[in-house]
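Enquirer: Residues per chain are reported as follows:
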Amino acid sequence: SAVISQKPSRDICQRGTSLTIQCQVDSQVTMMFWYRQQPGQSLTLIATANQGSEATYESGFVIDKFPISRPNLTFSTLTVSNMSPEDSSIYLCSVVGGGEAFFGQGTRLTVV
Amino acid sequence: AQSVTQLDSQVPVFEEAPVELRCNYSSSVSVYLFWYVQYPNQGLQLLLKYLSGSTLVKGINGFEAEFNKSQTSFHLRKPSVHISDTAEYFCAVSGVDNTDKLIFGTGTRLQVFP
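Protein sequences, first through last, are from chains C and W.
With the numbering used here, letter number 42 in the first sequence gets 45, and the count goes up by one each step, no holes.
With the numbering used here, letter number 74 in the second sequence gets 446, and the count goes up by one each step, no holes.
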């Protein structure tokens, strides 16, 4: 199993600003995944973060809006840039191992 | 690439009645399948998973699911629901490669009435 620490747990931000979310895993993992859950919606994969290379973004998500860092095998950050109210969501990081996905507790972001 | 379809966005049911939440998947490779539950304002909780072996998988809270490869389905069932089962249920799929991403369905809202 894996334990993921994600922070901040919640934040209220002004539109036009940026927020960086951090994710720390208690073991080394090849890939980390970032998801978004908009209010009343399912989880949508934003991107896959590999250590030592550019993140791979899903359709509809771009690096300029959601830059990701992956400096080592236990840590990753997701930045939500130039925020608008439409970015209000829960953002989660995840890792997989042993046929199971493990999730951080999520960051509840409200943009005002 | 994998995809998941949950045809029912909402399923209303009376307490103590049986329920089935449907999930179909699409994939060109072998898959792992999952059901997650999300109670209001809470995080995801794994209900059960299919990795290999027996196609009937039993999970927590009395839920079970059956993997049907020919019908590419992984429907979730419970013989008798409780009010406390009211929640959002997500089906998810991944390839069997240990680095594969998890793709979620759109979710089914189970509403249990007294």
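None of these hints come from the bench; they were simulated from the model.
Don't take each hint at face value.
Said to hold, decoys possible - Quick partial rundown of chain C residues pointing at chain W, CB under 8 Å, derived from the structure:
| no. | residue |
| --- | --- |
| 1 | 45 |
| 2 | 46 |
| 3 | 48 |
| 4 | 55 |
| 5 | 82 |
| 6 | 97 |
| 7 | 99 |
| 8 | 102 |
| 9 | 106 |
| 10 | 108 |
To be verified - Away from chain W, derived, C-beta distances all over 12 Å, residues of chain C:
| no. | residue |
| --- | --- |
| 11 | 18 |
| 12 | 29 |
| 13 | 47 |
| 14 | 59 |
As the list claims (entries may be wrong) - Which bits of chain W does chain C cover? Going by a derived footprint, with three or more residues having C-beta under 8 Å, they are:
| no. | segment |
| --- | --- |
| 15 | 410-418 |
| 16 | 438-445 |
Even glycine gets a Cβ: it sits at the ideal position worked out from N, Cα and C.
Enquirer: The structure should be examined with respect to each hint, and the outcome stated for every one.
Expert: Status of each hint after checking the structure:
Nearest Cβ of chain W to the Cβ of residue 45 of chain C: about 5 Å, under the 8 Å cut. The hint holds. Interface hint at residue 46 of chain C: satisfied, since its Cβ lies 5 Å from the closest Cβ of chain W, which is below the 8 Å cut-off. Hint status for residue 48 of chain C relative to chain W: holds, with the closest Cβ pair at about 6 Å, below 8 Å. With a least beta-carbon distance of about 14 Å to chain W, the hint placing residue 55 of chain C at the interface is violated under the 8 Å criterion.
Checking residue 82 of chain C against chain W: minimum C-beta separation of about 20 Å lies over 8 Å; hint violated. With 8 Å as the threshold, the beta carbon of residue 97 of chain C comes within range of chain W, its nearest partner Cβ sitting at about 7 Å, so the hint holds. A distance limit of 8 Å between C-beta atoms decides the matter here; for residue 99 of chain C the minimum to chain W is near 6 Å, and the interface restraint holds. Look at residue 102 of chain C: its Cβ gets to within about 4 Å of chain W, closer than 8 Å, so that hint holds up.
The beta carbon of residue 106 of chain C is positioned within 8 Å of a beta carbon in chain W (closest approach about 6 Å), and the interface hint is therefore held. With 8 Å as the threshold, the beta carbon of residue 108 of chain C comes within range of chain W, its nearest partner Cβ sitting at about 6 Å, so the hint holds. Non-interface status of residue 18 of chain C relative to chain W is upheld: no Cβ of that chain comes within 12 Å, the nearest being about 24 Å off. In this structure residue 29 of chain C is separated from chain W by more than 12 Å, as the shortest Cβ-Cβ distance comes to about 17 Å.
Distance to chain W contradicts residue 47 of chain C as a non-interface residue, since its nearest Cβ pair spans about 8 Å, not more than 12 Å. Residue 59 of chain C, annotated as away from the interface, has a beta carbon of chain W within 12 Å; the closest lies near 9 Å. With 3 residues carrying a beta carbon less than 8 Å from a beta carbon of chain C, the segment 410-418 of chain W meets the three-residue requirement, and the given coverage holds. Counting residues of the segment 438-445 of chain W whose beta carbon lies closer than 8 Å to any beta carbon of chain C gives 0, which falls below the threshold of three, so the coverage claim is violated.
Hints 4, 5, 13, 14 and 16 from the earlier list are contradicted by this structure; the remaining hints agree with it.
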